[in-house]
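Trainee: Based on the sequences and whatever the hints tell you, model everything.
Number of protein chains: 4
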Amino acid sequence: MIIELKSSINETRANEIAADVKAFCIHYEGKYTLITSSSVKELDAKYHSEADRVTVLNDDMQLSSRAWKQETRLIDINGVKIGGNTNHTALIGGPCSVESEEQIEQSAQLMKELGINILRAGAFKPRTSPYTFQGMGVDGLKLLAKMRDKYGLQIISEVRDATNVEDLIEYADIIQIGAKSMYDHGILKRCGKTTKPILLKRGFGTTLQEFLQCAEFILAGGNPNVILCERGIRTFETKTRFTLDLCGAAWMKQYSNLPVILDPSHAIGYAYGVPDLARACTAMGVDGLLIEVHPNPKVAKSDASQQLNHDEFRALTKTLKGVAEAIGRKII
Amino acid sequence: MIIELKSSINETRANEIAADVKAFCIHYEGKYTLITSSSVKELDAKYHSEADRVTVLNDDMQLSSRAWKQETRLIDINGVKIGGNTNHTALIGGPCSVESEEQIEQSAQLMKELGINILRAGAFKPRTSPYTFQGMGVDGLKLLAKMRDKYGLQIISEVRDATNVEDLIEYADIIQIGAKSMYDHGILKRCGKTTKPILLKRGFGTTLQEFLQCAEFILAGGNPNVILCERGIRTFETKTRFTLDLCGAAWMKQYSNLPVILDPSHAIGYAYGVPDLARACTAMGVDGLLIEVHPNPKVAKSDASQQLNHDEFRALTKTLKGVAEAIGRKII
Amino acid sequence: MIIELKSSINETRANEIAADVKAFCIHYEGKYTLITSSSVKELDAKYHSEADRVTVLNDDMQLSSRAWKQETRLIDINGVKIGGNTNHTALIGGPCSVESEEQIEQSAQLMKELGINILRAGAFKPRTSPYTFQGMGVDGLKLLAKMRDKYGLQIISEVRDATNVEDLIEYADIIQIGAKSMYDHGILKRCGKTTKPILLKRGFGTTLQEFLQCAEFILAGGNPNVILCERGIRTFETKTRFTLDLCGAAWMKQYSNLPVILDPSHAIGYAYGVPDLARACTAMGVDGLLIEVHPNPKVAKSDASQQLNHDEFRALTKTLKGVAEAIGRKII
Amino acid sequence: MIIELKSSINETRANEIAADVKAFCIHYEGKYTLITSSSVKELDAKYHSEADRVTVLNDDMQLSSRAWKQETRLIDINGVKIGGNTNHTALIGGPCSVESEEQIEQSAQLMKELGINILRAGAFKPRTSPYTFQGMGVDGLKLLAKMRDKYGLQIISEVRDATNVEDLIEYADIIQIGAKSMYDHGILKRCGKTTKPILLKRGFGTTLQEFLQCAEFILAGGNPNVILCERGIRTFETKTRFTLDLCGAAWMKQYSNLPVILDPSHAIGYAYGVPDLARACTAMGVDGLLIEVHPNPKVAKSDASQQLNHDEFRALTKTLKGVAEAIGRKII
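Protein chains in written order, with the working numbering: chain A, 1 to 332; chain B, 1001 to 1332; chain C, 2001 to 2332; chain D, 3001 to 3332.
Hints in this document: simulated from the structure, not taken from any laboratory.
Bear in mind the structure is a predicted one, so any value in this text is a computation, not a measurement.
The beta-carbon is built from N, C-alpha and C at its ideal position, and this holds for glycine as well.
Residues of chain C placed beyond 12 Å of chain D at every Cβ, according to the derived structure:
1) Asp-2020
2) Leu-2074
3) Pro-2224
Covered stretches of chain D (chain C as the covering partner; in silico rule of three or more C-beta atoms under 8 Å from a C-beta of chain C):
4) 3246 to 3257
5) 3283 to 3293
6) 3323 to 3332
Mentor: Encoded structure:
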């Protein structure tokens, strides 16, 4: 249940009521808002005069639901806008990992050349094996920040675990919580205390319900700027690395007020299928796409098989514009 | 291994060689072609002079593979063409089940109005419960045939099991083998003996490898006209009915020479998501789409939740044309 | 809803009521019983005086549910009994396929030696590839029947599709419907017309709900002798061939009145794990086990990797007896 | 590749070689051992004289593999021993969460009464919803430690994320890494620096390969005391909460040298099935079982549906002893 208190209610009083009804208290759009467990279905009559609106919800997808807030949230990344009524589909490109200054600068130049605003690359890699490349760490983040300053790009990079979340908050413009870290309460709680946009990737074994509930941890912590990212779920099929869940994307668009970004590169895991899938994602009318592109995929230190080369990426972006226009949207 | 014999080799000799190398013998594009198990990797030298080409393959995806036949097969459904170099994306619309003459005639008229060539509807329904509507049977097929004759449409309907495959061969223009019947050897073998186009739906628990191997049963039986249909696989996610596997569709386009059709209606199971998914499928550049549409979905005797109404379907088809054009294809 | 009519109600009257309430009518334990769709929740008052008991059910698991019939059904296979209050765990052993008289006779002798009553082997194989061994067909069934007569064993073999169900009814003592044929309405309906015991294997992509509903097709057809068999479901894990669903087995024991048999051999697909799993299955307290054993697994024409050899099988059966005794059951 | 250096090689030299061959260096059983990526298949000849043994491995399951170390590792938890050649199956019982001193003391007394050595309970709960009970935190750990001292029990509790791993190292005798935290590099790396036993639970969307690779992070960090725990994977089946993967348990027993513990309570999620499953797990011959038991399950603050009550647990443990004896093992 979400209880929006009147704007005249001050912090002390809001906290009093929150304590009594066992609710979270957040300050949102100029007023205090309380969120109880979804099992609570009624607000004590004595508080009715202090509340503007009370929304009873079926499950613990509350602040993220259209049942509470109909319109898609607008996320402003230092002026780059997605969601709301923008009809923007933001391309986010870059390599799997920062590997060197030369490499990441080539990526930054490519984004600049194509009018793309957001550069992605990993610095802390949550690899499956301890015996392979684990990322450049803070040095990688510093190189990304350098590219931001030099090329006027927004930077997105992944937090690996709760020990490096401060580094991401310091250096990144969007903090990516990866599929393997999605349940990490240390990360979720800390990200609730910042207002930087958070791109939350769905775990590959995670239901949509659980995914939205993880987003709720951030929202309930006080950060309204959460973006959902579907990047493929694990199924019995092994010819492709994962299975991109576009039925799930349709569900999120229908029931959640959070912007949705899709990641076809990680989903299929092979470059051959990325262009077709990226066009499909664009035709879904989503708020953005994450696509891996590397100056020389063959020598990439991670995810070599799924990264496009620069020419493939240039060719792809052209076709995406046409698909976006056909459905009344604009690639940014 | 596929052994294409020289065109001078006659049936008797072809069968002799087939018996010796333990191969299937089919007559394909004017010559005899032998297919052995994929574990056979070499043709005895004594037969080399009688073969035009020998293709060694990694697995039992043989006649359906691009490794053997690079170009997509052209399927001609009484003049309606898909695959090959047509760049056609064929819409196939209609209700889940034939329920009455009035109902199926409304569907036929809608297809006619929108310039769509193929009408779908089930007559023999493989329902999950014995206690619900099981379809109109042969009477349903007769109504479909009547609509074909009256409106100049092609008819596709589903075979339920080996006891009714003859009925489908008699009445339908395309025989649909459903997700639950995909492994049915009685059906697969009989469908190999006709040349009517077969639309083979992937089982919801079926790997791509197994799916293509089922197609091989039909191809090896002598019927070259097989179309693959992805209609959603079963995963852990239950907010949607199934998960449409577009990564799998990308894989099929890359590795198989069979045309690919997608069925977003059965995949998501809810009408709200069908338009977005149908646009995504179109942007994949596939050869066709199966979409369920009913004059009055609320009273449909099966799959009520996923069928579009006529106005929703009209609106959808318009947007599909724009998406198809953006990628150089044409909706038919 | 299940309506048990009074024993005084004759067939004509039972059919009249069935027609009026849109129900199936079966003759079961000396009286007529009607089954409606589970969406029907009330019997018209005018029929109350003709009914002994009316059971309203939540879903289309009706005749198979403990909600209707509390005790486990007793299945009598020509004197070999499982289910009911027997506390029997029946071992069913034999090779994947009948390959020759010599081979199947060795298997029959092994069963005889170990006091096992039921011999399994496939004659019609639903293989995934058309280019490999497809089974001996009716000749295989005749060899099995010969072993039955010579060694006093019960015979179980698999129906592949609706075109060969009559052969199985003629030759087998238990008709196995395999995982790939589980939805085959041609088979299910025909098996409802016999009273031979049916072992219905769960499809590897099939939910428990759907599985029980397929059993309902047979029960509603009039055959009360259905045994459920869990043989592994398809999951994301590929180190083993399938994942044996013992949680599902616990659910079936709790909610269904049908006996449950487990097949560890097909589940894991590798002989190394079969003994541990077979002991686990026995400790579950189920009604039987299907285990593949071959005189010489290395040369088996199908499923070579998962079949035990005769010595491994002898060693295993000894330990199963101890486990069964520990939980108050008896291996037969 | 694992390179066991001669015992005469000192730390400085070991590190030199490690740096040159890009390997991890750990001190294990009295000598330095180097581990490279599994893609390295050969040791430079110049180092041959300094190595005792070089083991080339297929994948990044190295220190955990029987290919390197045949016998199961012996884990000594302050005198309570599992693995090795003990043939012990350790019961680990207790509630989902510590809720109060009274509650956890009742649990401790039950363990004492039944001769069970290890008490489990969560203090930091990684809940799916932010709006429900999140655990007692450090206060819960302190209550557990009190029970250890008062009743002579070993204590196992779960680390939630990298921000509370130090608390667990301080208070627990076995540190449990839960299914949702399994990929957490902050936790894995820190746990590699202690020598306390680590119980690593398999993520419900995690392949066996990835699971073992996470164990490698701890082993490669220098902690040899890792126990694997299978607790159910997520599949399409929803009648039960998860699917206990006993095929996977058989695989782990066959290929890994780490002890294996099974958790039937979380797998099925319903108390009715826990006894049958616990007996099945015991019959698998594994090294331990985790079972949830609560003084009054109905009022439990988390996982109410799956916890046994004390009488059910007493009855269960009796039957487990018989099953264990039947296969030559001993419940401790």
